[in-house]
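Novice: Here are the chains, one letter per residue:
Protein chains: 2
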Amino acid sequence: MIYFLTGNKGKLYEATEILGAVQELDIDLPEIQDLDPHEVIKAKLKEAQQHHQGEFMVEDTSLSLEAIRGLPGTLIKWFLKSIGTEGIFKLADNEKNYKANALCVIGYSDKSGKTHFFEGRVEGTIVSPRGDSNFGWDPIFVPTGHSKTYAEMGNSEKNQISHRRMALDKLKKYLDNIEI
Amino acid sequence: MIYFLTGNKGKLYEATEILGAVQELDIDLPEIQDLDPHEVIKAKLKEAQQHHQGEFMVEDTSLSLEAIRGLPGTLIKWFLKSIGTEGIFKLADNEKNYKANALCVIGYSDKSGKTHFFEGRVEGTIVSPRGDSNFGWDPIFVPTGHSKTYAEMGNSEKNQISHRRMALDKLKKYLDNIEI
Chain C
50 MIYFLTGNKG
60 KLYEATEILG
70 AVQELDIDLP
80 EIQDLDPHEV
90 IKAKLKEAQQ
100 HHQGEFMVED
110 TSLSLEAIRG
120 LPGTLIKWFL
130 KSIGTEGIFK
140 LADNEKNYKA
150 NALCVIGYSD
160 KSGKTHFFEG
170 RVEGTIVSPR
180 GDSNFGWDPI
190 FVPTGHSKTY
200 AEMGNSEKNQ
210 ISHRRMALDK
220 LKKYLDNIEI
Chain L
50 MIYFLTGNKG
60 KLYEATEILG
70 AVQELDIDLP
80 EIQDLDPHEV
90 IKAKLKEAQQ
100 HHQGEFMVED
110 TSLSLEAIRG
120 LPGTLIKWFL
130 KSIGTEGIFK
140 LADNEKNYKA
150 NALCVIGYSD
160 KSGKTHFFEG
170 RVEGTIVSPR
180 GDSNFGWDPI
190 FVPTGHSKTY
200 AEMGNSEKNQ
210 ISHRRMALDK
220 LKKYLDNIEI
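If you're matching them up, the sequences are chains C and L in order.
For the first sequence, the residue numbers in this note's numbering are 50 to 229.
For the second sequence, the residue numbers in this note's numbering are 50 to 229.
Same shape as in the complex, but just chain C (with noise of 0.2 Å):
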């Protein structure tokens, strides 16, 4: 059994959907300051690993604008917060560079501590907000290909694509190797 370290029930349900069994662990674990996902976190799983012992997995999204050299990346949630979808759109709007892309990168660390890394990248633009969503930045990106947002995808469609269900879909099949 997998402790997926969040508090997010959505991430939750998409993780079991794909994965099968994965137990929730939501301990309050402090994110650190760092625009590499990897050192994000290498640093969540030796915490929970101080207070716990198993198999553990954590999940850290990144929202890159190439107007303004990769930010937000990992810091995309205190951008959320202080300027909003609106905010960001108007930073790539003011460079006139809209491209973007989508970084889910999950850390899971097996039974013997030792961690292991799978990546989902979408590329992607920004735009003005559109669509229904309480989920972050789903408003403003469109994956490359297609013409909603995240946010005007339903949750099935949004998650046959996603970033995040292309590094579960890795670490499932990761799992699925080593348990034959």
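Honestly, the hints are just simulated from the structure, not real lab data.
A portion of the hints provided could be inaccurate.
Stated by the list, open to error - As a list, the in silico SDA-like pairs of lysine to any residue whose alpha-carbon atoms are at most 25 Å apart:
(1) L:Lys148 x C:Ile132
(2) C:Lys95 x L:Ser205
(3) C:Lys222 x C:Asp159
(4) L:Lys126 x C:Ser131
(5) C:Lys91 x L:Lys58
(6) C:Lys148 x L:Leu129
(7) C:Lys126 x L:His87
(8) L:Lys95 x C:Gln98
(9) L:Lys58 x L:Leu94
(10) C:Lys139 x C:Gly180
(11) C:Lys139 x L:Pro178
Stated by the list, open to error - To spell it out: a stretch of chain L is covered by chain C in this simulated footprint if at least three of its residues, at any positions, have a beta carbon under 8 Å from a beta carbon of chain C; those stretches are:
(12) 72-82
(13) 125-138
(14) 186-200
C-beta atoms are modelled at their ideal positions from N, C-alpha and C, and glycine is treated no differently.
Chain L: place on chain C using the hints.
Specialist: Using the frame of chain C, we list chain L on its own:
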């Protein structure tokens, strides 16, 4: 003797000048992600107390731009790393809003482990980079009532009026009183 949790020789020197004896403690403490410097500092002091005993001080400096609703704040390090001083100036320039403030918060944990906070805040204006400096965002910040950027001032001129000086003075006053 107070341990100053820093790896920055300039900050150590300034603190020593004002407070008298201060001991550098250059341990690698991760900074947590939070826009409230008090939270960042509390986490660092808590971590330090797990490794060492005694009195500690730690400082956190924020630069907040009105144009982007208070960002980068505590996240200034990563803005400098990604977009540099030119890029930060541009964020203000795009909005034609150059108002900013520099905030230094010092957390001091006494022998009993209780934490006290001291703040220094300087209002100012963001300008296109001027003046040689290896010190972060000094070339783009002009304190209100002055014409030079922090980087154009000499160290001694800057240290008379800086946000950090103000916070250090308050800490010194506190320490002087409790030692009587």
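Novice: Three or more residues of the region 186-200 of chain L near chain C by CB distance under 8 Å?
Specialist: Check failed, 0 qualifying residues.
Novice: Lysine 126 of chain C and histidine 87 of chain L: Cα distance at most 25 Å?
Specialist: Distance ~18 Å between lysine 126 of chain C and histidine 87 of chain L Cα, so the pair holds.
Novice: Are there three or more residues in the region 72-82 of chain L whose C-beta lies closer than 8 Å to some C-beta of chain C?
Specialist: Since 4 is at least three, the answer is holds.
Novice: Please verify whether lysine 91 of chain C and lysine 58 of chain L have alpha carbons no more than 25 Å apart.
Specialist: 29 Å, violated
Novice: Holds or violated: lysine 222 of chain C and aspartate 159 of chain C, Cα atoms, limit 25 Å.
Specialist: 15 Å, holds
Novice: Cut-off 8 Å, C-beta pairs, minimum 3 residues; does the coverage of the region 125-138 of chain L by chain C stand?
Specialist: holds (count 7)
Novice: Check whether the Cα positions of lysine 148 of chain L and isoleucine 132 of chain C lie no farther apart than 25 Å.
Specialist: OK: lysine 148 of chain L and isoleucine 132 of chain C at ~16 Å, within 25 Å.
Novice: Given the hinted pair lysine 126 of chain L and serine 131 of chain C, is their Cα-Cα distance within 25 Å?
Specialist: Roughly 17 Å separates the two Cα atoms, so the pair holds.
Novice: Lysine 148 of chain C and leucine 129 of chain L: Cα distance at most 25 Å?
Specialist: Since the Cα atoms of lysine 148 of chain C and leucine 129 of chain L sit roughly 21 Å apart, the hinted pair holds (cutoff 25 Å).
Novice: Would you mind confirming whether the straight-line C-alpha gap from lysine 139 of chain C to proline 178 of chain L stays at or under 25 Å?
Specialist: 23 Å, holds
Novice: Within a Cα-Cα threshold of 25 Å, do lysine 139 of chain C and glycine 180 of chain C meet the stated pairing?
Specialist: Holds, at roughly 17 Å.
Novice: With a cut-off of 25 Å on the C-alpha distance, tell me whether lysine 58 of chain L and leucine 94 of chain L pass.
Specialist: 19 Å, holds
Consistency with the previously given hints fails for numbers 2, 5, 14, ordered from lowest to highest.
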